[in-house]
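Numbering (the numbering used here), first residue to last: 6 to 243.
Treat the hints loosely; a few may be bogus.
[Claimed, not checked] Label pairs and their computed distance ranges (CB to CB): (1) Trp163 - Arg64: 34 to 40 Å; (2) Arg64 - Glu39: 34 to 40 Å; (3) Ser157 - Pro119: 37 to 43 Å; (4) Pro26 - Pro75: 28 to 34 Å; (5) Ala30 - His188: 46 to 52 Å; (6) Ser27 - Tyr227: 43 to 49 Å; (7) Ser36 - Ala155: 38 to 44 Å.
[Stated by the list, open to error] Below, a list of computed lysine-lysine pairs in the DSBU-like style, where the Cα atoms sit at most 30 Å apart: (8) Lys228 - Lys107; (9) Lys78 - Lys89; (10) Lys89 - Lys228; (11) Lys107 - Lys89; (12) Lys29 - Lys228; (13) Lys90 - Lys107; (14) Lys78 - Lys90; (15) Lys107 - Lys29.
It should be emphasised that the hints constitute simulated quantities derived from the structure, not laboratory data. If you're wondering where the values come from, they're calculated on a predicted model, not measured in any experiment. C-beta: ideal position from N, C-alpha, C; glycine also.
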Amino acid sequence: MEYFRYFMEYVTHGPAQGIPPSAKAVSFLSSTGEEIEVGAHLVFKCETPRCPVCGTEVRGGEYHPDALCPVHKAEGSAEFEFLKKACLQTSEVLQQYLRRTKTQYRTVGDLQLPQGQQERIERCLLTTQACELSQQLLPPVIREKFLAPADSPVRNVWEILYSTYRQDDKAFWYHAVFQVEMHEGPSYVFDPTGMQYGPEVPILQNWDDYVRRRCSKTRLDYKRPLGTRARVGYRYEE
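With these hints in hand, go ahead and build the complete structure from the sequences.
The structure is reproduced here in structure tokens:
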């Protein structure tokens with residue numbers, strides 16, 4: 006729990022630039038009795054509906070649910086449409102599991118946030134520290150959604166763990182994702198728990214773009230076949 010508090014302090018109390026004075030921190034109470042303060046930085050970012058694919062803001066107020074942005078609402082190539090559908094369906098499986106099994110959160114006292122905003126904050130909280138868990142749980146779903154269909158453009162899916170050295174707190178931060186290798190064309194990253202860093206983090210992105218955007222000064226700790234973590238445990242060594 007101490008690490009959880011430290012992580013939430015780091016992620017949610019971000020830079021004040023661009024955050025209006027009206028934005029306030031909000032306290033959430035977990036079903037286990039722990040009170041977590043979500044900083045104004047994250048509360049503000051969760052006010053606006055987001056595209057569930059790329060994390061960009063879309064039109065609508067804080068009462069509106071997330072919706073596809075114009076780019077991802079329009080039909081793209083057959084390969085990308087396949088990936089988009091597979092990623093959204095697999096991500097929803099993980100979210101449903103976390104809602105059933107992980108700590109549930111509600112705002113403290115009589116404070117009521119708009120439904121859309123509260124749902125986005127809760128997704129950020131639910132996915133905190135769930136990235137390695139996703140590599141344990143999701144391989145059967147990924148095989149079904151990404152690899153099994155006869156028309157699948159996916160050659161293989163890999164488990165990735167990387168670490169980034171952060172200058173501000175002089176520490177390594179670890180994150181686990183999936184690399185999707187296509188039969189033709191570039192690889193993609195599928196990041197079903199990236200929203201723990203904020204609602205703007207995409208779940209599907211070109212691999213090279215993702216590395217440039219999220220992983221500066223990064224060390225790749227492992228690249229393993231899909232299902233490795235489920236076979237050998239929650240943590241494993243080289």
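- Task: Using the beta carbons of Ser36 and Ala155, state whether their distance is inside 38 to 44 Å or not.
- Result: 43 Å, holds
- Query: Per the hint of 43 to 49 Å, is the separation of the Cβ atoms of Ser27 and Tyr227 within bounds?
  - Reply: For Ser27 and Tyr227 the Cβ distance comes to about 44 Å; the hint holds.
- Query: At the C-beta level, are Pro26 and Pro75 separated by a distance inside 28 to 34 Å?
  - Reply: Holds, since Pro26 and Pro75 (Cβ atoms, about 31 Å apart) stay within the stated range.
- Query: Does the alpha-carbon distance linking Lys89 and Lys228 stay inside the 30 Å limit?
  - Reply: Holds - the C-alpha atoms of Lys228 and Lys89 are around 23 Å apart, at most 30 Å.
- Task: For the pair we were handed, Lys107 and Lys89, check the Cα-Cα distance against 30 Å.
- Result: Holds, at roughly 26 Å.
- Message: Between the beta carbons of Ala30 and His188, is the distance compatible with 46 to 52 Å?
- Response: Because 47 Å falls inside the window, the suggested range holds.
- Message: Check whether the Cα positions of Lys78 and Lys90 lie no farther apart than 30 Å.
- Response: It holds: about 12 Å lies between the C-alpha atoms, which stays within 30 Å.
- Message: Lys78 and Lys89 were given as a pair; does the straight-line alpha-carbon distance stay at or below 30 Å?
- Response: 10 Å, holds
- Regarding the pair Lys228 and Lys107, is the alpha-carbon distance no greater than 30 Å? 27 Å, holds
- Message: Given the hint of 34 to 40 Å, is the C-beta distance from Arg64 to Glu39 inside that range or not?
- Response: 35 Å, holds
- Query: Are the Cα atoms of Lys107 and Lys29 separated by 30 Å or less?
  - Reply: 26 Å, holds
- Are the Cα positions of Lys29 and Lys228 separated by 30 Å at most? 40 Å, violated
Of the hints listed earlier, the one the structure fails to meet is number 12.
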